[in-house]
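Asker: Taken in order, these protein sequences are the chains called A and B. For the first sequence, the numbering used here begins at 50 and goes up steadily by one. For the second sequence, the numbering used here begins at 344 and goes up steadily by one.
Misleading hints may appear alongside valid ones.
Calculated lysine-lysine pairs in the PhoX-like style (CA-CA distance at most 25 Å, straight line) [as the list claims (entries may be wrong)]: (1) K676/B - K688/B; (2) K476/B - K520/B; (3) K367/B - K308/A; (4) K166/A - K520/B; (5) K510/B - K703/B; (6) K148/A - K476/B; (7) K666/B - K654/B; (8) K520/B - K510/B; (9) K703/B - K162/A; (10) K707/B - K166/A; (11) K520/B - K148/A; (12) K678/B - K688/B; (13) K162/A - K707/B; (14) K666/B - K676/B; (15) K446/B - K476/B; (16) K688/B - K510/B; (17) K162/A - K680/B; (18) K308/A - K166/A; (19) K654/B - K128/A; (20) K680/B - K707/B; (21) K148/A - K707/B; (22) K128/A - K398/B.
Derived by calculation from the structure, the hints in this document are not laboratory data. These numbers were taken from a predicted model, which means no experiment stands behind them.
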Amino acid sequence: MYTCGIDVGSVSAEAVILNRQDGKFEIVAYIITPTGGDSKEAATNVFNRALEKSGLGASDMSSVVATGYGRLNIPFATKNITEISCHARGVVHYFPDIKTVIDIGGQDSKVIKLDSKGNPIDFLMNDKCAAGTGRFLEVMARALDIDIRDFAKIFAGTSQKVDISSTCTVFAESEIVSLIGHGVAKNSIVKGLVYSITGRIISMVERVGLEGPVCMTGGVAKNLAVVSALEERLNLKIKVPEEPQITGALGAALLGYPKE
Amino acid sequence: MVTENNVPAFSQFIKNGKISALPKAGWLCTYTPEEIIIANGFWPVRITGRQKAKKAEGYFPINFCPFIKSSMEDLLASGDELSAVIVTNSCDGMRRFYDIASKYIPDLPFFMLDVPRNQNEFAVRYFANNILKMSAFLETISGRKMLLPDLTSAQEICNEKRLLLKKLSNFFRNDQKVIGARNYFNILITSMTEEPGCFNTDLRSYLEYIESQSRHNQETPAIESGDAGSRQIPEIMILGNFIDEERLWEIFDELDCKISADDLCSSSRYFENIIQSGNFSNIFGRKQELPNGEISIDRLLRDIAIRQLFKPQCMRMANLNNKIEEINKNIVKNKIKGIIYISQKFCDNTLLFYPLLREKLNDKNIPSLFIEIEHNNLSVGQIKTRIQAFLEII
Chain A
50 MYTCGIDVGS VSAEAVILNR QDGKFEIVAY IITPTGGDSK EAATNVFNRA
100 LEKSGLGASD MSSVVATGYG RLNIPFATKN ITEISCHARG VVHYFPDIKT
150 VIDIGGQDSK VIKLDSKGNP IDFLMNDKCA AGTGRFLEVM ARALDIDIRD
200 FAKIFAGTSQ KVDISSTCTV FAESEIVSLI GHGVAKNSIV KGLVYSITGR
250 IISMVERVGL EGPVCMTGGV AKNLAVVSAL EERLNLKIKV PEEPQITGAL
300 GAALLGYPKE
Chain B
344 MVTENNVPAF SQFIKNGKIS ALPKAGWLCT YTPEEIIIAN GFWPVRITGR
394 QKAKKAEGYF PINFCPFIKS SMEDLLASGD ELSAVIVTNS CDGMRRFYDI
444 ASKYIPDLPF FMLDVPRNQN EFAVRYFANN ILKMSAFLET ISGRKMLLPD
494 LTSAQEICNE KRLLLKKLSN FFRNDQKVIG ARNYFNILIT SMTEEPGCFN
544 TDLRSYLEYI ESQSRHNQET PAIESGDAGS RQIPEIMILG NFIDEERLWE
594 IFDELDCKIS ADDLCSSSRY FENIIQSGNF SNIFGRKQEL PNGEISIDRL
644 LRDIAIRQLF KPQCMRMANL NNKIEEINKN IVKNKIKGII YISQKFCDNT
694 LLFYPLLREK LNDKNIPSLF IEIEHNNLSV GQIKTRIQAF LEII
């Protein structure tokens, strides 16, 4: 019995095709693509490519569950569930004992609290502001003319950091331009930026109430600089799934199965 | 059983609302006694911040109540349609609105009604005296004195409106899908802006229509589809300040939930607590100052003051334990599974109350969702995700 989960986010769209056999789940195929300007087209594209990769047809899917901000615009989805429930379910699949999920995507960051059975019981989302999201890091990397993938290396190799006083993406960008103008080393700015984004996340974690173990999902979980800074400041080890970006789609596919 | 959304929107039933030639007096806060405005010959029109703040942005700081900014925009755009404006000292935003609007729109007369924060005999006397001053202010504009028959008649109109809205509210709570959240909250806003007598006539005929439809549907068994019978729809309560966002109410219509109780400045806090003359006079267990049965302006003002101070209270009142008690009663009575607390950005009163409320709700295992919105500037996608996720959780 196959299900498909499709997560259409602001930056990327993911599809996961899942098979359940003898009570065990197996990821048959997954695809990650940029969302672009048309979320419906991105969903169709990612679904077709996942089917192609798995060698299955749409009729083989017992359900197609949509999630992410584009979830309401996928005509072939059999139901839609929010990314909060889907990330929680996806995380529990990998790590059944997780109590707090930090999901940082392109335009949203969320902190989700789980009960002992892995059910979400509380959550916080960022307001309509890019601070504390992947977009913040992207904009800053562009302002610094640094590849975002180099952040982890720079973060690990730099002891100095500057304080980025502004938590607003637009103001932080002007602040960085000003710091560059004053000759501040880019590496110190990178370190300051990572602390700035993690500061925002930590305040959300504290409002929900920190309880370990903690897992991080979403595209920003691939950025080891952010993960390291969070671990350092929360003083605990953060678990990250092998492919954190597909956690929402995986959770959607899992929620496509009837409850046992 | 009534099938879903089979009644037309109330807007199709408005026949008389805009034909009155009465001069209009604007008001902002539900602590304003509409009876006094009507009794002085005015059409009370709530200023609801219809306009998106543009020019008004220049008069207030960035981090300021968006509802107040939009209300200022309304006055800048069409303040000349009003003969007077009644403002209360409900919050800092309202006080600043009074300061700025009365300074920069000098041709429009403003009155600041001081509303006490306590609920006791002294507060009632003080408030009744302030209501009398408000009446005197309106008398100087109308050029005529408010007489007892004016006030009695105004009270009857307001009471009828409150009763009709209460009936509508009960209907909505029992069968939300028939009226629809967007339609329901739109009717409430209309009730605050249309000429009261005409509105009552229109709402009465609307309610008659709904009742006849309901009876018809009860006689005609509906065919239920899918798993509708087995699905559990979470019963929620909505709490907050002035919320008038059509798109927000549409979200509730689109999602599977039942608003079994609402406590907003734009809903039950407007129409709950009906004045029945004389019944309030003994509220503090004291001897009545007036002989039984004798109706006078003083006695009616006292009743109005008590009605206003003892209606479901705003978070600006001094004793917030009373508010928590009110909310708890609502939770039990309506079997509420979760609370959605909606606040305008930068609203000190509601923002400061939420942490206390959340703590008390947690003690009772009632989950709550906090949503901060910006009047006339709703971030629909994010709000819908939050509400949907909250409903999935509860």
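Asker: Hint by hint, note whether the structure agrees.
Answerer: Verification of the hints:
Restraint check for K676/B and K688/B: not satisfied, since their Cα atoms lie roughly 30 Å apart, outside the 25 Å limit. Annotation: proposed proximity of K476/B to K520/B is violated, straight-line Cα distance about 44 Å (limit 25 Å). Only pairs whose Cα atoms come within 25 Å are accepted, and K367/B paired with K308/A is rejected, the gap being roughly 59 Å. Restraint check: the Cα-Cα separation between K166/A and K520/B comes to about 34 Å, which exceeds 25 Å; the hinted pair is violated.
Taking the CA atoms of K510/B and K703/B, the gap is near 31 Å; set against the 25 Å cutoff, the hint is violated. Between K148/A and K476/B the alpha-carbon distance is near 59 Å, which puts this suggested pair outside the 25 Å criterion. For the proposed pair K666/B and K654/B, the alpha carbon gap of about 11 Å is at most 25 Å, so the pair holds. Between K520/B and K510/B the CA atoms are separated by roughly 16 Å; this keeps the pair inside 25 Å, and the hint holds.
Of the pairs offered as hints, the one joining K703/B and K162/A holds, with about 19 Å between alpha carbons and a cut-off of 25 Å not exceeded. A distance of roughly 20 Å separates the Cα atoms of K707/B and K166/A; the hinted pair therefore holds under the 25 Å criterion. Between K520/B and K148/A, the direct Cα distance comes to roughly 37 Å. Violation of the 25 Å bound is thereby established for this hinted pair. Distance check on the hinted pair: K678/B and K688/B sit about 29 Å apart at the alpha-carbon level, beyond 25 Å; violated.
At roughly 18 Å between alpha-carbon atoms, K162/A and K707/B fall within 25 Å of each other, so this suggested pair holds. Among the hinted pairs, K666/B with K676/B is consistent with the structure: their alpha-carbon atoms are about 15 Å apart, no more than 25 Å. For the proposed pair K446/B and K476/B, the alpha carbon gap of about 21 Å is at most 25 Å, so the pair holds. Between K688/B and K510/B the CA atoms are separated by roughly 31 Å; this puts the pair beyond 25 Å, and the hint is violated.
Between K162/A and K680/B, the direct Cα distance comes to roughly 19 Å. Compliance with the 25 Å bound is thereby established for this hinted pair. For the hint linking K308/A to K166/A, the alpha-carbon distance of about 14 Å falls within 25 Å, and the restraint holds. At most 25 Å may separate the alpha-carbon atoms for a hinted pair to count; K654/B and K128/A exceed this at roughly 43 Å. A C-alpha spacing of about 11 Å is found between K680/B and K707/B, which places the hinted pair at or below 25 Å, so the restraint holds.
Note on K148/A and K707/B: the hinted pairing holds, with a Cα-Cα distance of about 21 Å set against a maximum of 25 Å. Restraint check: the Cα-Cα separation between K128/A and K398/B comes to about 44 Å, which exceeds 25 Å; the hinted pair is violated.
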